[in-house]
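**Student:** Every letter in the sequence shown is one number past the one before it in the working numbering, and letter 124, counting from 1, is 343.
I should point out that these hints are in silico values taken from the structure, not numbers from a laboratory. All residues carry an ideal CB built from backbone N, CA and C; glycine is no exception. A portion of the hints provided could be inaccurate.
Claimed, not checked - SDA-like cross-link-like pairs, simulated, lysine to any residue; straight-line CA separation at most 25 Å:
# : residue 1 : residue 2
1 : Lys264    : Ala241
2 : Lys264    : Pro391
3 : Lys264    : Gly240
4 : Lys264    : Gly237
Said to hold, decoys possible - DEER-style ranges, computed between Cβ atoms:
#  : residue 1 : residue 2 : range
5  : Leu222    : Thr387    : 45 to 51 Å
6  : Ala393    : Pro221    : 39 to 45 Å
7  : Lys232    : Arg386    : 37 to 43 Å
8  : Ala373    : Asp246    : 24 to 30 Å
9  : Arg386    : Thr270    : 15 to 21 Å
10 : Glu318    : Thr387    : 33 to 39 Å
11 : Ala393    : Phe275    : 52 to 58 Å
12 : Ala241    : Asn296    : 36 to 42 Å
13 : Asp246    : Gly304    : 29 to 35 Å
14 : Glu235    : Thr363    : 30 to 36 Å
15 : Gly327    : Gln289    : 19 to 25 Å
16 : Gln414    : Ile223    : 56 to 62 Å
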Amino acid sequence: MPLICWVEANADKRYEWGEAGAGYLPDNAAKLRQSVYTALAYGVKGIQWFTTGLVFRAGGELTESGLDVQGINAEVNALGPTLLGLRSTGVWHTEPVPEGAPGLPEGGRVVTASAGLVIGELVDEATGAICLLVVNRSIEENATAVLTLGEVEAAVEGLDPEAGVWRTAGVPDAEQRARVQSALRPGAGVLLRLQ
């Protein structure tokens, strides 16, 4: 059975506890995006948004949170058809590694990676291709994710979410290593494919 993740449409924790003063936070979109992309890196197959009252106004128009959800849904919809065919085989964090989370394994496919990332490894059930969903763990700062990948025999591709096509993101050198670099907004991710 596919795993789904429940994400509250407004990141103000005061909503969860019914506390006074709850409202829309300026970093709401980044917090939601980080929750969604991190869940996808762990192999989640669907996102369930909670609660409707935070997404729509009484007349049916979108709230600020609703606009954030709409934007994130558009990003996920672009990745969705590919992600549905992938199975999670591992997930790692780069420095500083959060307590209880796994760091990059010695001798793994990801040889080095810049700080502040979550990297989900997923395998394409149909082709056997390895994919990496690389996520900016920060909700405050843009990141340039730089990875050195080992055991690379062909070009590494990145999925262009706007065009829905794979584009070359890195090529292997004589030692079968490829360097890949991606600019990531706070909480956002990029899907890479190793052939």
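**Student:** Please go over all the hints and tell whether each is borne out by the structure.
**Tutor:** Verification of the supplied hints:
For the given pair, Lys264 sits about 30 Å from Ala241 by alpha-carbon distance, which is inconsistent with the 25 Å threshold. For the given pair, Lys264 sits about 30 Å from Pro391 by alpha-carbon distance, which is inconsistent with the 25 Å threshold. Note on Lys264 and Gly240: the hinted pairing is violated, with a Cα-Cα distance of about 34 Å set against a maximum of 25 Å. Restraint check: the Cα-Cα separation between Lys264 and Gly237 comes to about 29 Å, which exceeds 25 Å; the hinted pair is violated.
Our hint of 45 to 51 Å for Leu222 and Thr387 is violated, since their Cβ atoms are close to 31 Å apart. For Ala393 paired with Pro221, a C-beta distance near 41 Å keeps the hint of 39 to 45 Å intact. Restraint check, Lys232 to Arg386: a C-beta distance of roughly 38 Å satisfies the suggested window 37 to 43 Å. Between Ala373 and Asp246 the C-beta distance comes to about 39 Å, which lies outside the given range of 24 to 30 Å.
Judged by the Cβ atoms, the range 15 to 21 Å given for Arg386 and Thr270 is violated: they are separated by roughly 38 Å. The hint said 33 to 39 Å for the Cβ distance between Glu318 and Thr387, and at roughly 37 Å that hint holds. Between Ala393 and Phe275 the beta carbon distance is about 56 Å. The supplied range of 52 to 58 Å therefore holds. Take Ala241 and Asn296: their Cβ atoms lie about 29 Å apart, and the range 36 to 42 Å is violated.
A beta carbon spacing of about 33 Å between Asp246 and Gly304 agrees with the range 29 to 35 Å that was offered as a hint. Here the CB-CB span from Glu235 to Thr363 is close to 33 Å, well matched to the stated 30 to 36 Å. Taking 19 to 25 Å as the suggested C-beta distance range, the pair Gly327 and Gln289 does not conform, at roughly 36 Å. Distance hint check: the CB atoms of Gln414 and Ile223 are about 30 Å apart, inconsistent with the given range 56 to 62 Å.
The structure does not agree with the numbered hints 1, 2, 3, 4, 5, 8, 9, 12, 15 and 16 stated previously, though it agrees with the rest.
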